[in-house]
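Participant: So the chains spell out like this:
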Amino acid sequence: MDFSVSADRRENGIGVVTICGEVDVYTSPRVRSLMLEQFDAGSTSLIVDLAKVDYLDSSGLGILVAGLKRAREHGGEIYLAGCKPRVLRVLEVTGLNRVFTMVSSVDEAVGKAGGA
Amino acid sequence: MDFSVSADRRENGIGVVTICGEVDVYTSPRVRSLMLEQFDAGSTSLIVDLAKVDYLDSSGLGILVAGLKRAREHGGEIYLAGCKPRVLRVLEVTGLNRVFTMVSSVDEAVGKAGGA
Amino acid sequence: MLVTSPVVELRAPCHAEYVSVVRLAVLGLCGRAPLSYDEVEDLRLAVGEGCASSVQRAAEAGMDDARLTLRATVDESLIVLEIEDDVPVPPAPEPLEQAVMDVDFNDQQFRVSLMQLLVDEVNIEGLPGGGQCIRLTKHCVASDGQ
Amino acid sequence: MLVTSPVVELRAPCHAEYVSVVRLAVLGLCGRAPLSYDEVEDLRLAVGEGCASSVQRAAEAGMDDARLTLRATVDESLIVLEIEDDVPVPPAPEPLEQAVMDVDFNDQQFRVSLMQLLVDEVNIEGLPGGGQCIRLTKHCVASDGQ
Ligand SMILES: Nc1ncnc2c1ncn2[C@@H]1O[C@H](COP(=O)(O)OP(=O)(O)O)[C@@H](O)[C@H]1O
Ligand SMILES: Nc1ncnc2c1ncn2[C@@H]1O[C@H](COP(=O)(O)OP(=O)(O)O)[C@@H](O)[C@H]1O
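Chains as they are written, first to last, in the working numbering: chain A, 13 to 128; chain B, 13 to 128; chain C, 2 to 147; chain D, 2 to 147.
The shape of chain A in the complex, shown without the other chains (with noise of 0.2 Å):
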């Protein structure tokens, strides 16, 4: 049941917002307020590590999507990191886990955007 977002930064600026719990229309809202915090502390990358996500909703979907964008306008990427099944099949259903760069953890994403 309980709920939690922390954020913090890589050697190379990309953010990191780590996510416990459920994502839901309740919830969302604080990853948005924690991403937003990222990218106005100068991350253009983030990775959101979902490693401990079971449940993901429309209303968190948009907030990663609203995401994506504000990243690809400044070059920028959002990973998605370490999906479990049920928050895969949300983002397989519609279609965005074509639109993010999906990988299997944080290192592994840090590895990709080198000095983003």
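For the record, the hints were derived by calculation from the structure and aren't laboratory data.
Take these hints with a grain of salt, some might be off.
Said to hold, decoys possible - Simulated crosslink set (BS3-like; lysine-lysine; CA at most 30 Å straight-line):
1. B/96 / B/124
2. B/81 / A/64
3. A/96 / B/64
4. B/81 / B/96
5. A/64 / B/64
6. A/96 / A/81
7. B/96 / A/96
Stated by the list, open to error - Taking CB as the label site, the calculated pair distances span:
8. D/125 / C/35: 53 to 59 Å
9. D/61 / B/100: 46 to 52 Å
10. A/104 / C/126: 50 to 56 Å
11. D/38 / B/54: 35 to 41 Å
12. A/18 / C/110: 48 to 54 Å
13. C/128 / D/14: 23 to 29 Å
14. B/126 / C/35: 45 to 51 Å
15. B/120 / D/140: 46 to 52 Å
16. D/18 / B/82: 20 to 26 Å
Stated by the list, open to error - The following residues of chain A were derived to be distant from chain D, with all beta-carbon distances above 10 Å:
17. 24
18. 45
19. 70
20. 86
21. 94
Nothing here was measured: the structure is a model prediction, and the numbers come from that model.
Ideal Cβ placement from N, Cα and C applies to all residues, glycine included.
The hints should help you fit chains B, C and D with the ligands onto chain A, whose structure is shown.
Facilitator: Same frame as chain A, now just chains B, C and D with the ligands:
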């Protein structure tokens, strides 16, 4: 959500009833049937494996106590094995942890029971 | 006792198989209250006992169409959970056919004792039209036991 | 369409924080139906979308006291889940202020599409007294998709 109960017998004739899931007013009759089956098959003592039980209500307690009564009438015993904290909580609050023989595992119970 | 109106109401058949649905709803409702994991689980167990009590009375009365209602008011400091049924309460407690055991665990009184051990207050009242309401109250402020 | 009467009914404030309670109740209700884990989760997601849709309409209408009702009929072969609210439906769809994105994920139409991908049938109707009812139907027999 899934509930299951199964039973088998050890070399020394002791019956082992293994429960997975929540024991409540809906599921406890199935525990009762299997305990009775084991008694009818000749077990005087039973080991009830609760290692995969997260929830036990008074219906479940009633069935365990009925079993204990029947076992003791025939010189046997009921061993409660591997209780998780929530199940322990219910047993403690009702004082039944002092009435049953509490063991950490089925194997410990088999050892204790000897040639039951 | 309460002035707030019930915020969540769950109605289900008064049958054993629906008790787990009620318990899950309690988990959802109390999951965000300022309670520890164990306190939430105690509430869930207390509600389960309340429902089991209704289910047992319905079964004894042979009432197949009995209904069970959970009414929950949850705020920062107080949780009130009411379990209501429409099963007529027998005029006098029926004599137990079995007095062998010290305690009969299917005895309604045992369920009530258990609920009392798990929450701060238990009130049980008969309803004007028949049926019964068990009200469980839990204060959320830590170490405020009564 | 249905003759059976709704077996379980859950009423809650039409606020974002109660959607998880409704989803948990669906888990409890469908957990014993002949459905796979993924089918139950799909239903839970579909119901979540239906509730989010009501919550969003209530927020847009500034209706703080709006109520949300889940009505569930679950049997061996058919699950019908109705999500009803009392938020007046605006006469015509309001123009979206943002047409930059291909899809607006908070758009009600997107939620409906998602629900359609997750269950067998989605019906949406306005209620006589205002408000809206989304009816989700899922057939339980395997590979009977329509
Ligand atoms: N839920 C959403 N679904 C789709 N697009 C959105 C959503 N929220 C915001 N957007 C769009 O994504 C873009 C970025 O939004 P936002 O993060 O609010 O940044 P900003 O307001 O600084 O442009 C905006 O163009 C906005 O219209
Ligand atoms: N739920 C219960 N709570 C307390 N005692 C019970 C309960 N069910 C049965 N008993 C008692 O436990 C004893 C054993 O019951 P049972 O297993 O039905 O065996 P039997 O009918 O063969 O004696 C009986 O004396 C019965 O009265």
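Participant: State for each hint whether it applies.
Facilitator: Quick rundown of the hints versus the structure:
A C-alpha spacing of about 20 Å is found between residue 96 of chain B and residue 124 of chain B, which places the hinted pair at or below 30 Å, so the restraint holds. Between residue 81 of chain B and residue 64 of chain A the CA atoms are separated by roughly 46 Å; this puts the pair beyond 30 Å, and the hint is violated. The straight-line distance between the Cα atoms of residue 96 of chain A and residue 64 of chain B is roughly 24 Å, inside the 30 Å bound, and the hint therefore holds. For the hint pairing residue 81 of chain B with residue 96 of chain B, the CA-to-CA distance comes to about 23 Å; that is within 30 Å, so the pair holds.
For the given pair, residue 64 of chain A sits about 23 Å from residue 64 of chain B by alpha-carbon distance, which is consistent with the 30 Å threshold. In summary, the hint linking residue 96 of chain A to residue 81 of chain A is supported, as the alpha carbons are separated by about 23 Å, within the 30 Å threshold. Restraint check: the Cα-Cα separation between residue 96 of chain B and residue 96 of chain A comes to about 27 Å, which is no more than 30 Å; the hinted pair holds. Between residue 125 of chain D and residue 35 of chain C the beta carbon distance is about 38 Å. The supplied range of 53 to 59 Å is therefore violated.
For the pair residue 61 of chain D and residue 100 of chain B, the beta carbons lie near 49 Å from each other, so the given range of 46 to 52 Å is met. Evaluation of the 50 to 56 Å hint for residue 104 of chain A and residue 126 of chain C yields a pass: the beta carbon distance comes to about 53 Å. Taken as a hint, the range 35 to 41 Å holds for the pair residue 38 of chain D and residue 54 of chain B, whose Cβ atoms sit roughly 39 Å apart. In this structure, residue 18 of chain A and residue 110 of chain C meet the distance hint of 48 to 54 Å, their C-beta atoms being roughly 49 Å apart.
Taking 23 to 29 Å as the suggested C-beta distance range, the pair residue 128 of chain C and residue 14 of chain D conforms, at roughly 25 Å. A hinted range of 45 to 51 Å holds for the C-beta pair residue 126 of chain B and residue 35 of chain C, which are about 50 Å apart. Checked against the given bound of 46 to 52 Å, the beta carbons of residue 120 of chain B and residue 140 of chain D, roughly 48 Å apart, stay inside it. The supplied range of 20 to 26 Å is broken by residue 18 of chain D and residue 82 of chain B, whose beta-carbon atoms lie about 49 Å from each other.
The non-interface label for residue 24 of chain A is consistent with chain D: the shortest C-beta to C-beta separation is roughly 28 Å, beyond 10 Å. Against the 10 Å criterion, residue 45 of chain A stays outside the reach of chain D, whose nearest CB is about 15 Å from its own CB. Not every CB of chain D is more than 10 Å from the CB of residue 70 of chain A (nearest about 5 Å), against its label as outside the interface. Consistency note on residue 86 of chain A: stated as away from chain D, and its beta-carbon is indeed over 10 Å from all of that chain's, at 15 Å minimum.
Look at residue 94 of chain A: its CB is around 18 Å from the nearest CB on chain D, clear of 10 Å, so calling it non-interface holds up.
Figure legend: structure checked against the earlier numbered hints; hints not met, in rising order: 2, 8, 16, 19.
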